[in-house]
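J.: Listed in order, the protein sequences are those of chains A and B. Quick note on numbering: UniProt numbering labels position 120 of the first sequence as 120, and the sequence is numbered without any gaps. Quick note on numbering: UniProt numbering labels position 27 of the second sequence as 27, and the sequence is numbered without any gaps.
Quick caveat, the hints were computed from the structure, so don't treat them as lab data. Please read all numbers here as calculations on a predicted model, not as lab measurements. Some hints here could point you the wrong way.
[What the hints assert, rightly or not] Heads up, incomplete: computed chain B residues facing chain A, CB under 10 angstroms, no partners named: (1) G346; (2) T347; (3) K351; (4) G359; (5) P373; (6) V393; (7) E394; (8) K398.
Note that the Cβ used here is the ideal one computed from N, Cα and C, for glycine as well.
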Amino acid sequence: MTIEDIQNEIIDEFSMFEDWEERYQYMIDLGKDLPLIDDQYKTDDNIIKGCQSKVWVHAEMDTDKVVFTADSDAIITKGIIAILIRVFSSQHPKDIIEANTDFIDKIGLKEHLSPTRANGLVSMVKQLKMYAIAYQTQL
Amino acid sequence: MFKVENIRKDFPILSRQVNGKPLVYFDNAATSQTPQQVIDVIVDYYSNYNANIHRGVHALSQEATDLYEQARYKIQAHFNAKHAHEIIYTSGTTHGINLVANGFSALLKKGDEIIVSALEHHSNIVPWQMLCERTGASLKVIPMNQNGELEIKLFETLLNQNTKLVFVNHISNALGTINPIEHIIKKAHEVGAAVLVDGAQSSPHIKPDVQALDVDFYVVSAHKMCGPTGVGVLYGKEEWLNKLPPYQGGGEMIAEVTFEKTTYAALPHKFEAGTPNICGGIAFGTAIDYMNAVGFDAIASYEHELLEYATEKLLEIEGLKIYGTSERKTSVISFNLEGIHPYDVGTILDKLGVAVRTGHHCAQPIMDYFKIPGTVRASFAFYNTKAEIDVLVEGVKKAKMMLS
Numbered sequence: 001m002t003i004e005d006i007q008n009e010i011i012d013e014f015s016m017f018e019d020w021e022e023r024y025q026y027m028i029d030l031g032k033d034l035p036l037i038d039d040q041y042k043t044d045d046n047i048i049k050g051c052q053s054k055v056w057v058h059a060e061m062d063t064d065k066v067v068f069t070a071d072s073d074a075i076i077t078k079g080i081i082a083i084l085i086r087v088f089s090s091q092h093p094k095d096i097i098e099a100n101t102d103f104i105d106k107i108g109l110k111e112h113l114s115p116t117r118a119n120g121l122v123s124m125v126k127q128l129k130m131y132a133i134a135y136q137t138q139l
Numbered sequence: 001m002f003k004v005e006n007i008r009k010d011f012p013i014l015s016r017q018v019n020g021k022p023l024v025y026f027d028n029a030a031t032s033q034t035p036q037q038v039i040d041v042i043v044d045y046y047s048n049y050n051a052n053i054h055r056g057v058h059a060l061s062q063e064a065t066d067l068y069e070q071a072r073y074k075i076q077a078h079f080n081a082k083h084a085h086e087i088i089y090t091s092g093t094t095h096g097i098n099l100v101a102n103g104f105s106a107l108l109k110k111g112d113e114i115i116v117s118a119l120e121h122h123s124n125i126v127p128w129q130m131l132c133e134r135t136g137a138s139l140k141v142i143p144m145n146q147n148g149e150l151e152i153k154l155f156e157t158l159l160n161q162n163t164k165l166v167f168v169n170h171i172s173n174a175l176g177t178i179n180p181i182e183h184i185i186k187k188a189h190e191v192g193a194a195v196l197v198d199g200a201q202s203s204p205h206i207k208p209d210v211q212a213l214d215v216d217f218y219v220v221s222a223h224k225m226c227g228p229t230g231v232g233v234l235y236g237k238e239e240w241l242n243k244l245p246p247y248q249g250g251g252e253m254i255a256e257v258t259f260e261k262t263t264y265a266a267l268p269h270k271f272e273a274g275t276p277n278i279c280g281g282i283a284f285g286t287a288i289d290y291m292n293a294v295g296f297d298a299i300a301s302y303e304h305e306l307l308e309y310a311t312e313k314l315l316e317i318e319g320l321k322i323y324g325t326s327e328r329k330t331s332v333i334s335f336n337l338e339g340i341h342p343y344d345v346g347t348i349l350d351k352l353g354v355a356v357r358t359g360h361h362c363a364q365p366i367m368d369y370f371k372i373p374g375t376v377r378a379s380f381a382f383y384n385t386k387a388e389i390d391v392l393v394e395g396v397k398k399a400k401m402m403l404s
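Excised from the complex, chain A in its bound form (with noise of 0.2 angstroms):
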């Protein structure tokens, strides 16, 4: 599936909760279903810090595509960072890299993903990027 179609079939499946608890109980349950990262790369190179949850991200190459794996210890932040490493892990490079994050705004969890918000994601966006810029230019 290509990055958009899994965004859009995140789309449909939050159209389908009805309010901000349904919304927020799936991605707790996603967080705390995920085992997202090993604990070999849980080091403090992979640390992504926000100001107060931080966020580990951990990268590598499988053929073409790039996978990622990353955790956090906030669970919610968890959540969101399963919803994105299914949308951008397992990608080619150049997709990833041209790849926006629009649908986080379509499923009403836009302020996670602020600029202002101390809890890393945006931050790991931009490193999911970066990697994929460094892979692509090994390709």
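Based on these hints, arrange chain B on the given structure of chain A.
T.: For chain B alone, coordinates are given in the frame of chain A:
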């Protein structure tokens, strides 16, 4: 007579909604809300008096200058400074601290010692670290205990003839602990050290008397006291302010300028380079009038009632731990739910219209002491109600349910 329902009518923002819910504003330790009386003065200033001060011969400039200087007298009276020129307008507490730290860089030498407390805000740690780097002085820390209180006996052992400065907040922003500054000042003076007290968190709750305290420097921000942001004052004893060199060069702070030499203006202008926050200063005076009209005794006793009520209700929630359990504290409750990140709790509370602060509250050393990433901090002001605390408590229960 203190009636919270009447007071709330003075604060237009308290009737707005957030995320479709009535706003419950419990982030007062970060910034207080603004009463209509202060908002009116700001509007009035820009509608009728806006001009640059001190230098103009025209009527507007004179009127603006009068209002700005009258506000200085109000602030002097409020803090009971001996002289109006001991009140230096700043952009806020951080500016005041930096002004003093910078001034002391000319007075300190290698081997001198500075003492700060473990309960400090970053703004009261970093400037002193920078000062130590510049001068070769060393920084010592008054430790704290599990209740979030300073270990005063240990403080006394840190004092010696090399101690030149002691910096401590009157009240901790992260935990609400009221520090025994009277004792700290007395002991510091015994070895000849100057004391700077950060009053950012105390000034909204109590009325400090700087002469009775015998404090050398006391810094506050207007925006914690129902005033606007971007303005505050540094109180300094005249003798100390005369000893310190100017902080910034510019207009307003000079007596005479030639390319060979500049002589500096007298206090307070020596420390007030450039065009100040004129409207902010005037509005700060009005905010102080407003708080005094409500009455600091009434404020303290009502806020204490809110603190006790909220503490009792929150502690009924299983797995909730409060950080900062001193007998002497103001209306600040820092807490966590067991196994749940404070950021998550704050996010859910925001969805319910409850504004709290989450994180390390710019006091990372305190969080490191408790080995936590941060806390949820609810801080109450005199315009808050028990009904709002009930909304908070229900919100925390909901957050716990969703996040567990």
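J.: May I ask you to test the interface hint for V393(B) with respect to chain A, counting a Cβ-Cβ separation under 10 angstroms as satisfied?
T.: With a closest approach of 18 angstroms, the V393(B) hint is violated.
J.: Holds or violated: the hint that G359(B) contacts chain A, with Cβ atoms closer than 10 angstroms.
T.: holds (4 angstroms)
J.: Given T347(B) was flagged as interface, is its beta-carbon under 10 angstroms from a beta-carbon of chain A?
T.: holds (5 angstroms)
J.: Holds or violated: K351(B) as interface residue toward chain A, Cβ cutoff 10 angstroms?
T.: OK, holds: K351(B) within 10 angstroms of chain A, min 5 angstroms.
J.: Quick check on K398(B) please, does its C-beta sit within 10 angstroms of some C-beta on chain A?
T.: With Cβ-Cβ at 9 angstroms, under 10 angstroms, it holds.
J.: Against chain A, run the beta carbon of E394(B) and see if the smallest gap drops under 10 angstroms.
T.: Result: violated, 14 angstroms to nearest chain A Cβ.
J.: Using the nearest Cβ pair, does G346(B) come within less than 10 angstroms of chain A?
T.: holds (8 angstroms)
J.: Can you verify the interface hint for P373(B): is its Cβ closer than 10 angstroms to any Cβ in chain A?
T.: It holds, given that the least Cβ distance between P373(B) and chain A is near 6 angstroms, below 10 angstroms.
Violation of the numbered hints given earlier is confined to hints 6, 7; the remaining hints are satisfied by the structure.
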